[in-house]
Amino acid sequence: MGRAQRSALLWALVALGLGGWLLHARIHPLQAGLVMAIPPSVGLLDVVGVTLLFLGRGTAKLGYLLNGLFAIYGITIMTHFGLVRGADLGTLRALTTMLPDSLLLFGDFLVGKALFDGYWAEARTGVKPWNFLAPGWWVVHFALIPTVYALGHVLWK
Amino acid sequence: MQYFYVGKPGWLVLHAAAIAFTFWLGHVVRFQP
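Chains as they are written, first to last, in numbering that gives the first Met the number 0: chain A, 0 to 156; chain B, 0 to 32.
Same shape as in the complex, but just chain A (with noise of 0.2 Å):
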């Protein structure tokens, strides 16, 4: 990969983090609280943590890591946030209820795999695609990550 294309992509992670930082910032108000504040430093966090990692080779990995998991875990919270409110539209209208901010937040993690992909991809010829951090593995994980999730909210009242 080229320094160009790297510079590109790493200025779309810049662009798409703080384009969903500066959402969260409206709907999440700091001067609301504490609890408030957690969604927009996490933001914060994958704005500059993540773009920083992804700077260098060796440290692209962990980026990658953080990035997927941010994205996860911020799709399974949000498609809750959306199941809780949009309750009187139906499962189906209320499960895309936050779609929109979920798939920003996909695209997000698609910019990191393609970094990602620019540093590592001639070392993962040959590698079984549910390896670590291969394709395989994000899909078990973007399963089992909100299972989790929902068994802990359901069983843990």
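Please note that a few of the clues may not be correct.
Said to hold, decoys possible - Among the chain B residues that face chain A by a calculated CB cut under 7 Å, a handful are:
(1) Tyr2
(2) Gly6
(3) Leu13
(4) His14
(5) Ala16
(6) Phe20
(7) Thr21
(8) Leu24
(9) Phe30
Note that these hints are calculated values from the structure, not bench results.
Even glycine gets a Cβ: it sits at the ideal position worked out from N, Cα and C.
Chain A is fixed; fit chain B onto it per the hints.
Just chain B now, with coordinates in the frame of chain A:
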């Protein structure tokens, strides 16, 4: 290839912590309808 090799005990500890955290997160996040 392995990006972060933590061994089997490391893997178990990491997953136990991640599952506990996610389970707790599901418990603690309660949105007002």
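Which hints from the list above does the structure break, by number from lowest to highest? 2, 3, 4, 5, 6
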